[in-house]
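4 protein chains.
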Amino acid sequence: MAGYFFSDNTASVSPELLEAIHEANAGQVKAYGDDPWTQRLNDAFGKFFEAEVFVFPLSTGTAANSLALATLVPPYGAIFAHGEAHIVRDECGAPEFYTGGGRIVEVEGADGKMNPDAFAETLDAWPTSVHTYQPSAVALTQATELGTVYGPHEISAIAHLAHKRGLHVQLDGARFANALVSLDVKPADITWRAGVDVLSFGATKNGALGAEAVVFFDRALVRDFELRRKRGGHLLSKSRYVSAQLLAYVETGVWRRNAIRANAFAARIGAAAADFVMHAVQANEVFLRLGDSRKAQLRANGFHFYDWGAERSGEARLVASWDQSESDVEALCSALRTL
Amino acid sequence: MAGYFFSDNTASVSPELLEAIHEANAGQVKAYGDDPWTQRLNDAFGKFFEAEVFVFPLSTGTAANSLALATLVPPYGAIFAHGEAHIVRDECGAPEFYTGGGRIVEVEGADGKMNPDAFAETLDAWPTSVHTYQPSAVALTQATELGTVYGPHEISAIAHLAHKRGLHVQLDGARFANALVSLDVKPADITWRAGVDVLSFGATKNGALGAEAVVFFDRALVRDFELRRKRGGHLLSKSRYVSAQLLAYVETGVWRRNAIRANAFAARIGAAAADFVMHAVQANEVFLRLGDSRKAQLRANGFHFYDWGAERSGEARLVASWDQSESDVEALCSALRTL
Amino acid sequence: MAGYFFSDNTASVSPELLEAIHEANAGQVKAYGDDPWTQRLNDAFGKFFEAEVFVFPLSTGTAANSLALATLVPPYGAIFAHGEAHIVRDECGAPEFYTGGGRIVEVEGADGKMNPDAFAETLDAWPTSVHTYQPSAVALTQATELGTVYGPHEISAIAHLAHKRGLHVQLDGARFANALVSLDVKPADITWRAGVDVLSFGATKNGALGAEAVVFFDRALVRDFELRRKRGGHLLSKSRYVSAQLLAYVETGVWRRNAIRANAFAARIGAAAADFVMHAVQANEVFLRLGDSRKAQLRANGFHFYDWGAERSGEARLVASWDQSESDVEALCSALRTL
Amino acid sequence: MAGYFFSDNTASVSPELLEAIHEANAGQVKAYGDDPWTQRLNDAFGKFFEAEVFVFPLSTGTAANSLALATLVPPYGAIFAHGEAHIVRDECGAPEFYTGGGRIVEVEGADGKMNPDAFAETLDAWPTSVHTYQPSAVALTQATELGTVYGPHEISAIAHLAHKRGLHVQLDGARFANALVSLDVKPADITWRAGVDVLSFGATKNGALGAEAVVFFDRALVRDFELRRKRGGHLLSKSRYVSAQLLAYVETGVWRRNAIRANAFAARIGAAAADFVMHAVQANEVFLRLGDSRKAQLRANGFHFYDWGAERSGEARLVASWDQSESDVEALCSALRTL
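If you read the protein sequences in the order shown, they are chains A, B, C and D. The first sequence begins at 1 in the numbering used here and counts up by one. The second sequence begins at 1 in the numbering used here and counts up by one. The third sequence begins at 1 in the numbering used here and counts up by one. The fourth sequence begins at 1 in the numbering used here and counts up by one.
What the hints contain is simulated information worked out from the structure, not anything from laboratory work. Don't take each hint at face value.
Same chains, same names: a pair is fine if it fits in one copy or spans any two.
Pairs of lysine to aspartate or glutamate residues, derived as DMTMM-like cross-links and limited to a Cα-Cα distance of at most 20 Å, are as follows [claimed, not checked]:
(1) LYS30 x ASP328
(2) LYS186 x GLU52
(3) LYS186 x ASP43
(4) LYS30 x ASP307
(5) LYS164 x ASP307
(6) LYS186 x GLU330
(7) LYS186 x GLU108
(8) LYS295 x ASP328
(9) LYS30 x ASP90
(10) LYS30 x ASP323
(11) LYS186 x GLU154
(12) LYS186 x ASP307
(13) LYS47 x ASP184
(14) LYS164 x GLU251
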């Protein structure tokens, strides 16, 4: 099934993580997170993040984002996010559902990144009366939905604005590893040190079998989260199999190896199609303004990818994942170079 | 880790199902259910149920129950269930959350089974005004939370009462395989043929790695369900790994082999403690009124199980699962016989 | 239209309160509560309650109860209430709707009053895990739905149990004036002094034109309430007309005059039917076990009232309101005496 | 308190409607809408609208809009509305609350009116997958929040687009009378004949004491609405006082007299400030781009009004209501002419 550049969700599971599942499959252990693997998450992630953290395994990123936000935001709370954010476009209203009717307010910015000035202006202009939603949280995405990444200072600038006004900061890290590799910084640098209160830590797109985590850097938020998680049907009875993957993911360097590979593929694809690149290729996604005929040509050659943007915009999204084959990527690059 | 009789959730994953995960781990496939395994679910389960069915993989039973009910019940809808039901006692309000504030109304009955006469009386006495919840669904559990099973006629009696008044019928089949084996009937006999509209089909407790399914016997309910599932964060991006397990589970007879084993263990435990048995042992759970000192004695001998009922009631729940060892069960039976 | 004993909701508006509406109808004032009448509520009720209070006018009692509870209770919170409570039986799930899916747990007790021992037992037996609702509030009704009243010590006993475990105490005072008159105590004695955190203060049933108030004795809860009120569509643009009634109600003694009259009528009715009285007549409601033929006889004589209890239980509820005519009551009493 | 041009919510109650309240204050009648006034609403409004209608009295416009939309829109439904709409800017998320987390999608258009082409484009570009909200309703405002009105053809153009795709059409008629007078059409022409499915019929801003109605032109939607209304705490026990006003409002021509007066005042104000007018003055609201110093000057002269638009935009909103005095309006016009 060569030539799949649809999404990193189409990738298979990394052998190291499958192996972790096998190792966890050893007899009976207590359910619902009282197992040795889940119990070790806080320590393992604490080392990874160089901080005290509270980690909760989940099976989807939509659940991670929505449950995290529900803990931060009252039903009458406004969540500020970029218009391209997954919570805006791709979750069928999960944040609205979990918050009990919160509202997402879009804040613009180039290349999928929220512009801090636009955010400040939005907050400054916000009415304070009971007639409107109350600003409660800002949600960023790292790497962004357009394949770019926020630098630590970009995150802290927005977090600073947020905290000054009493808003919480949530980070959708569905492609967190890709951002870490791209920036070559420590996990702490783009999370708690930059002002992030809670992180949706994604592993699924980078090689796991339905393994995500919500990571809190603030103990006060944890109890509410746990109850909302159970209530949302997201407390896994056999948590060990997700937790074991998460442990292997952060402890054995799978996160880095897989992200390096995916990012490198994307960089090559971007370089091969340099004339068409719409946003800097900083993670594992490439956005190209190819025009409809070039897109058709690529597809005729067996390459699969999603259309992007408005109909007939001629835009395409190509995503590289950890299990892309060398030869598929090379074939794609060749095809792109000849367009 | 001998002597674990806490719950069938503590069991490991059955080798056949782990194998199915491996087989599904073959390169890239489309995400969110557009994969060959998920696409085959309707057919495979259609054969299993001898009917046209619509099957949706999920990772938890709480999600299965709540999402199914949310599709059947408006926010002002009443759901009738036995007081021991999982949705009443163990889901932290997931059905209320997913239905937008529906209410569960308890209907009594011996041995964890809803009494049809009590159900009829409850319905007859229900006010019809706008001041009260509107009867919308009945939720049964098979096998029940007290280890008993409904016969086909018991289900159809209740379903008949429900349908006559326009209520839907949902079946929580977290231990559906145990019930099937216990009754020695066909899956159809205790589902659509008996009037069940939607089934929460559990595999996790019987050997799977977080694999459940909602099975609709009525196409009209499907679209609403799909949107609520996504919105609840329960549409799995890498659905293939759950679907592959579900296929193996129904197609290779794992469901039957594992349930036979677990039920047989429970039967032996029940027989060994016949004087203390509280409810007929018809599936894989045994409820014993041992008294506090006998319970302490068993625990001192290394057997693990949960207290049941009110504090100092002396009641205990012992659950047998597919991966219990022969020797553990025998040791437990010996210990019980000497009490 | 003689002989109406259906409900105190069937009564007309007291002339003093209609007069207050007229006085408030003086030109333009700011909307949404920024008017002189609404601005004076905290002071006027502060004097009434001998405490700092925060008062919010509303047009229905269901809104008062549900909004108050929503401020006290998270979506995963349990509300303890007597099985006869309005929030249980007559609000079509408004508390569940406003809390985002909270659950009401019934606690028994004779004569419509929650038994403190039963409440303590329920709390003691409550599991603490994330799998169940978290105890969050107790809701009492004063006067109760069965026409009885709680003494100050009865309220404080329950409030003490609640506060010890971190639960809030809400009082449904739809018939608060009737209880005050019955007990001959000060408003403080059965509210904040007894441990009540928030009161649904009813005036509608006692002579007002859709005028209720939520009264907080704790400032910390107020902001959340105000936002939920707006969001529920219960912030009245022309608040002055409700506030002016509430001011007249507490400041001119209408509350007392009307309640004295209604209670006295009920006492006479109860005395006339002493053999049939089911619960002590302590407010303005009378419950009689008449049997179906006597009920039919009364109705044939032109007296209107609701059936109560189960079908063919022969029970009847008769409610006296402030605008009952002397002659109607006397006629009813005569009829009852001859039964 | 001369010179109040804040809002038509600041106006007092029209004498005819106060009189209607008095007439309704005649002894006991059944509660919760089973009274003679409420029972006559369908007929009276049926004549007004020349159609079979189903009318429900309410005390706030926010409730009317939100409850109507909740009946039309599932929790995963998108509601299309102009960015200036009351449901977008002024209801603290009531539509999101009542729909269980629906989302409002803004569609642009000049002068507060949704542009049909923009609406068509938005619908055409909408993804159909389960990952996004499902288009469910369009909500228009008549007169708009910028004081303009939709002609019958403008409404039917949008309604046609909506119905073609299975969306319902809701009309926020908080200033419906002002629009009717402005257009000089029949009520049917801008409601059901133009494709409106449900109308929020406002009377409060035009002289009533908290009297609004939801008017359905489709019987199928009614039962769901009634249950949601009760559940929202919006079923008034003493409905008669709102219903009596609504009857007087439509039957005696108060709606027309008051709207004519308010519209005429606004026209004069607009003419006096013609150089500053931002949007055609078609109802009872006038929007002026005065600049900050002129605004200060007006205020120094005792005229009260709200700022509009962004800070330092220099924009002002002046609203004329039925009870504005001739002399106040004339004084304002003089002041405006000298600016």
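The hints, checked one at a time:
Taking the closest pair of Cα atoms, LYS30 and ASP328 come within 20 Å of each other only across two copies (17 Å); inside a single copy the shortest separation is 44 Å, beyond that limit. Taking CA atoms no more than 20 Å apart as the test, LYS186 paired with GLU52 passes inside one copy only; the shortest distance there is 15 Å, against 52 Å between copies. Taking the closest pair of Cα atoms, LYS186 and ASP43 come within 20 Å of each other only inside a single copy of the chain (17 Å); across copies the shortest separation is 48 Å, beyond that limit. When the C-alpha separation of LYS30 and ASP307 is checked against a cutoff of 20 Å, the pair qualifies only between copies, where the shortest distance is 15 Å, while the shortest distance within a copy is 46 Å.
Taking the shortest Cα distances, LYS164 and ASP307 never come within 20 Å of each other, neither inside one copy (40 Å) nor across copies (26 Å). For the identical chains of this complex, LYS186 and GLU330 are neighbours neither inside a copy (31 Å) nor across copies (53 Å), given an alpha-carbon limit of 20 Å. Proximity of LYS186 and GLU108 under a CA criterion of 20 Å is satisfied in neither setting, with 27 Å inside one chain copy and 44 Å between copies. For the homomeric pair LYS295 and ASP328, the shortest alpha-carbon distance inside one copy (17 Å) is at most 20 Å, but the shortest distance between copies (63 Å) is not.
For a Cα distance limit of 20 Å, the shortest separation of LYS30 from ASP90 across copies, 16 Å, qualifies, whereas the shortest one inside one copy, 35 Å, does not. In the homo-oligomer, the alpha carbons of LYS30 and ASP323 lie at most 20 Å apart only across protomers (14 Å), although the nearest pairing inside one protomer, at 34 Å, exceeds that limit. Taking identical chains as interchangeable, the C-alpha atoms of LYS186 and GLU154 lie at most 20 Å apart only when both belong to the same chain, with a minimum of 15 Å there against 57 Å between chains. Taking the closest pair of Cα atoms, LYS186 and ASP307 never come within 20 Å of each other, the shortest separation being 34 Å inside a single copy and 46 Å across copies.
With identical chains, the CA atoms of LYS47 and ASP184 are at most 20 Å apart within one copy only, with a shortest distance of 17 Å there and 53 Å across copies. When the C-alpha separation of LYS164 and GLU251 is checked against a cutoff of 20 Å, the pair qualifies neither within a copy, at 35 Å, nor between copies, at 44 Å.
Checked against the numbered hints listed earlier, the structure breaks hints 5, 6, 7, 12 and 14; every other hint is satisfied.
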